[in-house]
Amino acid sequence: MKKKHVARIMALGLALTMLAGCGSKPAETGKSAAEGSKTEAEADAAQGGDAAEAENAEAETQKNSGEESTGEIPTINIGLRAGNSYVQACPDINADEHVLAFEERMGVDLDITLIQHDGFTEKLGMMLAQGDFPDVIAGDMPYTSVMSGAIENGLFMPLDDLLEEYGPNLMAQVPENVWDELRGPDGHIYAIGDFMSNTARRCTVIRGDLLEELGLDIPVTLDDYYNVLVAFKDAGVKYPYIGREKFKYSETFFAAYGVVPTTWQLNEEGQVVPAYLLPEMKEALAFYKKLYDEGLIDTESLTNNGTVRDQKAAAGDVGMMVVNISAAPGYNIALKENVPDGEWVCVSSPVNPNGGKHGYAAFTPTANVHYINAKCENPEEIIKFFDKMLDPDPDLQRFLTYGVEGEFYTVNEDGSVNLEIPTVSPNPFDVIPQFLRRVKDAGIDRATLNAMAGGPEAIEYYDTKAKDDILDYIQPINLESIASHPELSVEEDKQELFINYASKVMIGTESLDNFDKFVQEWMDRGGTEVIKEATEQYENGTAKIRE
Amino acid sequence: MRKGSSVAAGLKKDSLWQSICKHKGLYLMALPGFIWFVLFKYVPLVGAVIAFMDYDIYKGIGGSKFVGFKHFAHFFQFPEFGQIFRNTAILGAYDVLIVFPIPIILAILMNEVRNAKYKKAVQTAVYVPHFLSWVIIGGIFTTLLSPNTGVINNLRQMLGLDSIYYMASEKHIRGILVIASIWKEMGWSSIVYLAAIAGIDPALYEAAEIDGANRFKRMLHITLPTILPIIMTMLLLKVGNFMEIGFEKTNSFMNSMNQESIDVFDTFVYRYGLQNLQYSYATAVGLFKSVVGITLLFVSNALSKKTTQQSII
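If you read the protein sequences in the order shown, they are chains A and B.
Letter 45 of the first sequence, counting from 1, is numbered 45 in the working numbering, and no numbers are missing.
Position in the second sequence counted from 1, then plus 1000, gives you the working numbering.
FYI, nobody ran anything at the bench for these hints, they're computed from the structure.
Just so you know, not all the hints are guaranteed correct.
[To be verified] The calculated label-pair distances, taken between Cβ atoms and stated as ranges, are:
hint: 1; chain 1: B; residue 1: 1149; chain 2: A; residue 2: 111; range: 28 to 38 Å
hint: 2; chain 1: B; residue 1: 1069; chain 2: A; residue 2: 542; range: 31 to 41 Å
hint: 3; chain 1: A; residue 1: 75; chain 2: B; residue 2: 1179; range: 33 to 43 Å
hint: 4; chain 1: A; residue 1: 425; chain 2: B; residue 2: 1179; range: 33 to 43 Å
hint: 5; chain 1: B; residue 1: 1037; chain 2: A; residue 2: 286; range: 37 to 47 Å
hint: 6; chain 1: A; residue 1: 353; chain 2: B; residue 2: 1130; range: 47 to 57 Å
Computed from a prediction, not measured in an experiment: that's the story for all the values here.
Every residue gets a Cβ at the ideal spot worked out from N, C-alpha and C, and that includes glycine.
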């Protein structure tokens, strides 16, 4: 009897552990949610494209004339990040019609390996560590720890000479400061990527229709902003201002004081310090606290994730928030579904009340970069492939900007394009201009935005006012002293010590008077070392300047 | 290990080889499981050695430098070490003391329900949350507890009370986690106990009924003692996982305002180790956690052996 019991218990126990095993899957889901915002940023980074002016449309038949007769088509093994929802949903990306059309047009045979979007850096690190990776692979910036390690271990090919010989368009069109970003620790160029001719990135968006209804002007000073928020509240707007978790996309009033918490700035003694340690931060936090106490900011800002915030905004309950300039038209469209007259207007950050600099943090001059495997046998074909993406031929540029003619657009007599971007999800339109067109001016996607409600206005803002609303900053790279103390980080999402302090100040569970104590704690935990190293980097020119 | 002890019980005199020859079929059937355990549970253990190294992904285990207990020392000296340890211990204790008994009670209650249709409906209803991921449950609770639009706070406002930002409250967040755990897993965890109860010989109940035992007495003197062995097994398994609060669970409820109360080893490893590619550090913390877990398991197993004669090792 007893033995039978034991056996039964064993069996049940075993069955249960197995069930538990099945149940523990959601780890991935959790992670992906945690990285949701990164996804947004990356996806946005992947957007872009220059307004390739489509001039006279050449006859279709001419397409196949050039390349093919000259010889066989080179095969390129390429590893790309699967950041695009259509690509992720595609059962076999190498057989996709858009990819095939692209290959034909570019005269190459691509063999695409997809690298998972979530946890990209970890996956990439694994691939590189095993040494078994495609001829050309998408990666992070050369100065990040994984990539610089790979470069130092000789996994990638230096590209200087190859570019000189096979990349005339690349050398001519990619700005010099971008090449500087793409150099490894030894000074050689190791990567090829997209580039931003304008590093403006985020902006404040305000409900223009509400401003008009209430007879208010576009706010300029911090006081104007405050008055607008009060007026919104009095007019019954549920969330006059809305932020997100960990102060992501919530930096309007940090920007006003020139202390965007993801940046490093010089302090009075000429040291490079995280902006969140500067005395102005105390003033900025006081302003957030005031907004919170007076109900001008969504009280749940710090628990809103991107989706929740976007839902509230689309429902018409939000008066003001922070978005990427390129995403503003998308928010417009979402808003108009519920509020037909609703409209988001892009606006610069408030003028610094102390008279200092203000603005949203500058973006990196390049974001999507690619490395060539040191073992690659035909690197020149890869350079030629990337180079061709910048070939000024209008026909080719139109293809790279809009995709296959007839699928999403038709060309008029005068060469202009009637574009109709499908609204289905996953959207196949993005495959050619974004997923496959790896080298381009990635500042803002003019072609797509122009076809959207509010798009031309966003582009107009990007080209004019946005340029004066860029906060320049210093970006120290690979700080060793911070590796063992990640809580001191300045990167978005990781500035744990600051975010925890700032959050509590805002909701009132921590006193603003303890700001100096917070700064002292940051220093005591190893911050003094960090500042020393960052300042050294700035002085010897290792640190990057973002402007 | 479990398999080993049950086999050994019957075959003390034979040598291992003899018993293998004798029960070829049985061993053959056990083989895939055995290989699985070795391959996926024991071989990776060797990798734990990177906890004592400055692991460089490009140099591998062979090329990385040994640094002894550097990462452990760094972790123990970390200002929040005490806080994380305390949070883990408190949440683990809540799991054992509060979350664990609920499915047992539920199973016993369910067993007393006579209306089959009603029983089925209740069972289905309590199983469902198990199939939701923690991320979704985190979202549901955040919505329910919202200070502006949440049901709970709307009720409070109707009663004239101030609304509370529960998700930001260090005082409430652990309780919320416990309630969420109960809600999610109570139905699913009760399956085991229901199965055990179903296996009880009805003759025992009949005999008790004839002896005049009422329903409560039968529950107390028949149901409970018969399922006690399985309760002890489940309890020991639970204690072995004492330190495993779970990354998804905690992370779905954690934010910058309540972090001090619910930051546990799992979330710490994710943020400081994996997100920042500090593999050695992450491994060291994980290893420490496992050592504590296994110690607890052995201690509680010994205690259980002494008090209830039930053990799993």
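With 33 to 43 Å as the target window, see if residue 425/A and residue 1179/B comply at their CB atoms. holds (35 Å)
Between residue 353/A and residue 1130/B, does the C-beta distance stay in 47 to 57 Å? holds (54 Å)
Beta-carbon spacing of residue 1037/B to residue 286/A - inside the hinted bounds 37 to 47 Å or not: violated (59 Å)
Quick check: does the Cβ-Cβ distance between residue 75/A and residue 1179/B fall within 33 to 43 Å? Because 58 Å falls outside the window, the suggested range is violated.
Cβ separation of residue 1149/B and residue 111/A, checked against the hinted range 28 to 38 Å: violated (50 Å)
Evaluate the given range 31 to 41 Å for the C-beta pair formed by residue 1069/B and residue 542/A. holds (32 Å)
Violated hints, listed in ascending order, are 1, 3 and 5; each of the other numbered hints is respected by the structure.
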